[in-house]
Every structure is written in C-alpha cells, then in structure tokens.
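Participant: Line by line, the protein sequences give chains Z and H. FYI, in the numbering used here the residues of the first sequence are 171 to 279. FYI, in the numbering used here the residues of the second sequence are 363 to 1255.
Think of the hints as simulated: they come from the structure by calculation, not from any bench. Do not take every clue at face value.
Stated by the list, open to error - In silico lysine to aspartate or glutamate, EDC-like type, Cα no more than 20 Å apart, as pairs:
| # | chain 1 | residue 1 | chain 2 | residue 2 |
| --- | --- | --- | --- | --- |
| 1 | Z | 230 | H | 381 |
| 2 | H | 1124 | H | 962 |
| 3 | Z | 230 | H | 382 |
| 4 | H | 424 | Z | 224 |
| 5 | H | 424 | Z | 178 |
| 6 | Z | 221 | H | 381 |
| 7 | H | 424 | H | 381 |
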Amino acid sequence: MINHSIGEFEELVLLMVAALHDEAYGVSIQENLVEKLSKNINISAVHVALKRMEDKGFIKSRFGGITEDRGGRRKKYYVITALGKRILDSQYEVRTKLYNMIPKISFGR
Amino acid sequence: MKATPPARSLQFLRWFCREDYLDEIEGDLVEIFLRRHEQSPAKARRQFLWSVLKHFRPEFIKSIRLKPRYNSTAMIRNNFKTSFRKLARNRNYAFMNIAGLAAGIAVCLIIFIIIHFQTSFDNFHANKDRIYRVLTESHHAESGSVTYAKNVPFPMPGGLKAAFPQLEQVAPVYASHNDALQVIDDNGAQVKNFKEQNGVFYTSPSFFKMFNFPLLAGSYESLNDLNNVLLTKETAETYFGDWKSAMGKTIKIAGYYSMGAGLFQFPATALKVSGILATIPANTDFQLKLVVSYGTDFTGDKEYGFQQPGWNMSAPDFGCYVLLPPGISVDNFNQQLSAYARKVQPADNKDSYRIQPISAVHYDAAAGNYSNKTISHALINVLWLIAAFILLIACVNFINLSTAQAVNRAKEVGVRKVLGSNKSQLQIQFIIETLLIVTGAVILAAGITILALPSVNKLLELSVSFSTLSDPSIILFLLTAIVVVTVIAGFYPSVVLARFNPVNALKSKLTANTVKGISLRRGLVVFQFIIAQALIIGTLVIVQQMNYFMDRPLGFDKEAIVNVPYRPDSTGGTLTDYLKQQLLSKGVQAVSFSSNNPLEDDNNMFTTFRFDHAIKDADFQAITKFADNDYVPTYKLQLVAGRNLRPSGPTTEFLVNESFVKSLGLKKPEDILNKEVSIMGGLIKCPVVGVLKDFNDRSLRQDLAPLLIATNATMYRQASIKLPTANIVSTMQAVKKIWEKAFPNNVYEYRFLDDKIGSFYKQENQLSQLYKIFAAIAIFLSCLGLYGLASFMAVQRIKEVGIRKVLGASSANIVYLFSKEFIILIAIAFVIATPIAWYYMHQWLQDYAYRITISWWVFAAGGLTSIIIALATISFHAIKAAIANPVKSLRTE
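In isolation and in its complexed conformation, chain Z is listed as follows (with noise of 0.2 Å):
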C-alpha cells in the first residue's frame, strides 16, 4: 500500500532534508530545525519521522564513514527522492494557492 500522506512535523524534516541535501542526518536535521523554528524538538521525534518518512519512499539514505565523535558509529545521511519532491511540491503549490485565495483586504494594519 503507497500512503502518500505526510504529517506536517514530516513536512518539516523532509524540507529540511531537501534544504541541506546531502548534508541531512538525524542530529544536522535536529539542530537546525531548533535554529530555525526556535523551538526545542527531541532527537527521537526526527527519527521517528525519517523513518515514516523512508518507508514512505520519500527520502533514501545512505551510511556515512566511521568517525570517532560519534562512539564510532556511522551517520546516515538523507537525500529526498523524486517522489518526496513531489510531494513537496504539491504541498507547496495547495497551500500557495490557499494562500492566494486570501482577499487582498487589510488586516487591521
């Protein structure tokens, strides 16, 4: 079965990991998430929504060398698919037009 759905904590993680393409693993996606929705997100709920995400079909990993900061144990890094572009594109375009729709009056500037 394909779910095509995606959470919007999801959308986030997969923007991100479009944004920092091949630089995208568990602790880069968490961090700059923080940095950039100020907001303090646990390391577990990313790789919650990886791992959702690479089931799905919309990123694919890779793992990344030994390195010694990290008890030795390789990073995995994430790339998104053509299909997750896809999807973001679709969420970008659904909410662009919704957001389009707004009437163009004045919010009480």
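Got chain Z sorted already, so can you dock chain H onto it with the hints?
Facilitator: Showing chain H alone in chain Z's frame:
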C-alpha cells in the same frame, strides 16, 4: 578527558534497538551528548537518558523472533525420513527400546483404565450430587469407637418420608442373596429353575426417580403394586429367551433373609414381569438383575419381616437412599436426622444416623456397598505411584540404551554439524527419532493392553474394557503418554548427542568416555535390581504363605466333603431324615445338615449371649452354628469333655469349643458342662453338653473364635456329604438325582469344601498373581537396563579387551571380567533389597494370625535368581567381546 555517555542508558538502547537503526540512533545521540556535555555534563546525561527512553517505541524495538526462519516443513520431513532409516538399520536397538517402553506404558495404561473405571462408579446419574444413603452410626461404649453400617432399621424409610417432607425421594433398598427362581409358563407349569446369588433387589419406584436406570418397556410405577418385578434385558433373555416376550410373564421367587443370628425363609411368591430395564452399566454398585416391588413377600410382613415397627430391627443389606432438595446442607440435615432418631428410638438404642453422598459409597470399605467391591483412595494413589514408577524405569532404560548408542552416531553428528546444523536442529532430530519409537511403543502398548485386559478382568474381578477407545479420556491419556515419554526419555540423549565436538567426532577421537554418566547408569541398574529382587522375595513369601494356608491342618476333616445347598420345609426333621437315609443307601460315608461349615470366612453369624443366668450379656460374642448330631462325626471333630448333641429338631443343647471355655475364664472344659447359655434375647436357653477341641472356625487370617453349636432344623441351609473314596462321580450323580427329586423348584448346586476354603484366600491369591506380574515386568525392565549397560561397556572397553587378548587372556577371562562388575552391582542391590523386602513382608505377615516365618533361603533364592537372569542377559555382550578378533579392535586407531 573524553566524556562518555551514561553506560546503563546506552546498554539499554543497545538491548532493545534494532541492529539496522542502532548506528544512526546511537551515533546521533552520542554526538548530541558530546556537544551538550561541554556546557553541562549533568544535563547532558539527563537528556541522553530521556532521548533513549523516547526511542523505546515499536519502530525501533527488535523483533521478538530472534532467529531467522528456516524452511521447517522440509526439514521435519527430512528428520522423519532419516529417523526411519536409522531405526530400520538398528532393528535390535529399536526393538528393545520399543519393547521396554511398551511394557512400561502398557502397565500404566492398564492401571489408568482400572482407575478410570473405579472412579467412574455411579457418576452417570443426573442427580448424583443430591443422592445420599443413610448410614447407621453405632457408638461403642467400651472402646469409645464409632462404626458405620449401611443397614438401617426397618421403620427408617417410612419414618423419613413422613417426618421430612422436604426430601424429594426416599427409597428403601434391600439386596437379597441366593434366591431360587422359577419361570412359570402360561398354564402355571414350571419351566425352568434359576438361582441368583446376587442381583435381586426389593425397592420402590422412588429408587428409579433418584437413579438413572433406563427402562425398555413397562413402567417404574408398576413397582407401587405388590408382586411386580422389573427384569434387566440380560436376565429376561436368560429366563425367557427374548426380552420382548417377557412382559407380563410370571416367575416365582423363594429367598432367605437373615436377621440377627437367624436365617429365615418365605414361601415362594409369584411375581409378574412389569418392566424391562436396559443393560445395567458395569460402573455402578447396583448390579440389578431383578427388581421386586418393595412390600412383596417378607418385605411386607408385619410380624416377622421388614414391616416390623421396632427401631431395633434391621437386616444386613437393608438400606435407605434419599434425594436431598437442592440447597440443603448435609450437616444441617444430619443434625435433624439425629434429633429425629432420638425422638423415635427407644431410650436404650443409642444409634445415630448420617447421610453419605453417593459419590463416597464406592470408596467406603468399612460400610461396604451392594456390589461388595470398594476401592480406597489410598489404593488409587498407590496405583498411580506404581504407574509413574514403572514408566520412569522404562524411560530410564531408554535413556540408558540411547546414550550407550550415542558413540556410534558421533560421525553422523560431526558431519551434520560441519554442514551447518546447530544444536537445536540436532536435538529436534533426535527428539523426532524418540517420538517415532515412543509412538511405536504406545501402539504396541495399546495392543498389549487389549490382549491383557481379559486376564486382568478375571484376576481382579473387574469388568473394564478397551472398547472405551471411543472414550476420549483414553485417547487423551495415550497422546499425553506420547508427549511426556518423548520429553522425559528423549531430552537427555538429544542433549548428549548434540553437544559433541564436531572435530573430535570426525577424527574418531570420541570414545565412550566422552559420554559421561556411567556411574549414574550403574546406580540406575542397582536401583532396578533392588526393586526386582524385593519383588521376587515378596512373591516367594506370599506363595509360601498361601501353601501354608492350604496345607495347615485345620482340626477337622475337609477331604472329600461336598456341600449341597438345602432348603428346609416346615416338617422339621422329616425331610432331613429322608434325605439322609437316601444318601446313605447310595454309599456316602456320612451326612450332616447344618447352617454352614466348621470354617467360614464372612458367613459367620456372631451372637451375644448370657451365660449361667447372668444378668448381663457376656462381654464377647460367639460364632453360632446350627447343626445336627452328625456334624461332629462327619467333620471328625473331637470332643474333649461331655458328649455330642442328641438328635433333635428344635434347639435343646449346646456344644462349645475350648476357646469359648477359655474366654469365659473357666479352668477346665468340664466346668462348663450343664451350665445354661441363652441366646437371641432369651428365646433359646439350653445347657452345654459337650466341649469340642479347638479347630479353625475362621480363616487363617484370624485367630480362633468362641463357638456355639446347636441343633435347629429350620436353620439348616446345607448338607455336608462325606463321599466314599471310590466311585465319586457316580455317587455325585446319585446325589444330584436325590436332590432334583426332593427340590424340584431349585437349581441343583454343589461345592467341594476344600475348594470353598481355598476361595477364602482369593485376595491373597490375587495379590500373589499381581506380585508375580510386577516381578516379571521389573525383571524384564531391569534386564533391558542391564543389557544397555553391558553393550555400553562392551563398546567402551573394546580396546582393553583387545590388548588383554593379545597379551594372552582367554575368552573365559574376558567373560569373567565383564560378569564380575555386574555381580558386584547385583550384590549391592541384594544388600539393599533384603532388609526392605524383609521389613515389608514381615509387616504383611503380621495381618495373619497363622503365618510362616521368613526363612533365609527365600532371600538366597531371590538373589540367585536375579544373578542368573542378569548373567544370561549380559552373556551375549560378554561372549561377543570375548571371542572378537583383537586385530579388528586394535587396528583402527
């Protein structure tokens, strides 16, 4: 200094987290930890733990299945195939294993069937939880003991019905014995005679409202009318050929009943067949054959029979059953019952009454029941124990034989391991092999059981059957047996085999020494021989005691004496005189009419009496026999004082035995002569005219009892005929003719006295048969164990034997080498078995007033027998090892 993340949190993460995510998750967590650690170590550690915990979620937790899945069906099929091949190649081994296990399982199965049958008694009645029988509770003032009896006073059933309307049903039940029956045809002529030792019951329709005995024709209510009888299908077929034609036919019944010391009879009564009962199941204590409406003949007699109003009057086998309404407590009812008894009984009758649930009746040996077959809970437990024990020994043998065989399979195990089998796969294979053997053994055991059950039934007087194959419990038992035995017997050998080191196994470096537990196996063999020897010794003691019973002089003549039942008429002495004269004219040596024989087992009538005008009954009871004046010469009883009885119809004189004199505290037998003895509440008062030398008046289990003998023509029930030494057959035919002429309404029967006395020891005979069977099985299983050990040692010592032979040992030396070890084992077993066997057999013999002393040769015989059997068993391996060519065993290294 490099910061390290909290070890325990990390350990937890590694424990639960999936391998393929661990790199990413652990790496990220550590990276964040290290970064934060620079700012605040404590906070970093806290956050690390928190993050680990937040990762503990289904996405990241390892799957429960730890090992990858194999193509298991193909593997199992392969296991079965190789197991079959293995067994087919080692036929001897497979056969021995199957035979040993089958013997063990068969014993278990038979015991299970017996217990299943015994515990199913009267459990098929719909109201079984509410049916109770009334027991008479007697308090014995002198000893302070309380005994329960199944007979109740005659007014009890009617009284209960009136006083306790809440009882749903109340039924009087009387079981009659030795009834003579005649089938009468439509013209009133007599067609056939039958005699029923048991199975004639007198009761009311209430009985059938409590108990479920279905009816094929007629109605239970017909028992409300007098002189109606229900027959079972089988009885109707015996009497009339076909049960359907039996309805409405007439039979005549003439029975006895006993009350106190007297036996009474009623004139023959005609009964109409008013119903046919379906076959009575074997698992009920009511083995009905004829059910007569209560109130017919003596059960309706107000003067001498069962309608007498006195609460002191009862008859053996006169019982009362009640159906309690739901929700009434037994204790509560018992209290009401006692209060009622105190109200209705005369003040001197201190008996009380209790109700006992029907489910307890079959286990109550003290009060007994109508089938005279009871089994104690203790015996059931002992049987379970024996079953478990025998099964365990059989399993141990299996383990013994399989581990001994293990060395031969080292190569196979090695190859399998090299090709990638792991331990559990090998274990599964060996367990499957065991499963095949056990399944074969269970099938064989079922076969043995089917063949053995008829003999078991005959021996133990049971009627169990294997037709209960349709019975789910037996199938369940067999399946359980397969599983349990496979697990017990297969587990250890499979572990031993599976743990072989493949390198050693393939390099043939594996010797029998690798397979440990030789001392354990020796211990088991010793254990088995303890049991076998103890059973051999026990059997010998029992057989000796039986022979002693049969050969011991009893103090009277029992040779060539035949008992023929006799039915007195109202003429007093005329009939006996006529029969006596007829018999003597046919050449018999002597004839005596009496109530019973000098030696009786459970047919003795004890009576209280008053001696020499005492104001109170003597403090012991005496056996009462009624016999004519020819009793003393016929049985060659000896008088030590006074004279024999004079011929008389009514009671006029007493004979006593020496025990009677002694029990009264008199010094000399002469002292008792002409003193008066009064029995039956003063109904009979007569002087003692003679004292008999003591003879065994009870079975040899018990000591002599005080005895009274008196004439009374109405109490005679049998003729004792001393046959001439020659022409026994023709004399017996003459007796038959005389009897058939004198008693046209009765079946002619006879029984030789020595046969009858032999039958008193039926229980001991059964016991000795059982001992023989158990001893044979124990020896068989021990020999299997021994055979396993011997084959094991032959393999283990093959090199040693080779070297010994090369260095000049003879075959005899080698056989001796093997035998020595086993003789030592058996000697150890003997040393342990002897005191155990002595103790138990000594205890057993204490139950007998007349007993043998256990002599030393019994033990010697037991030990010697087991040594001979053991040597015969191991000789195969010992001789094989001794004559083997040493070149063969030494060449392969």
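Participant: Are the hints correct? Go through all of them and say.
Facilitator: Here is how each hint holds up against the structure:
{"no.": "1", "hint": "Z:230 x H:381", "in the structure": "18 Å, holds"}
{"no.": "2", "hint": "H:1124 x H:962", "in the structure": "14 Å, holds"}
{"no.": "3", "hint": "Z:230 x H:382", "in the structure": "14 Å, holds"}
{"no.": "4", "hint": "H:424 x Z:224", "in the structure": "18 Å, holds"}
{"no.": "5", "hint": "H:424 x Z:178", "in the structure": "28 Å, violated"}
{"no.": "6", "hint": "Z:221 x H:381", "in the structure": "14 Å, holds"}
{"no.": "7", "hint": "H:424 x H:381", "in the structure": "8 Å, holds"}
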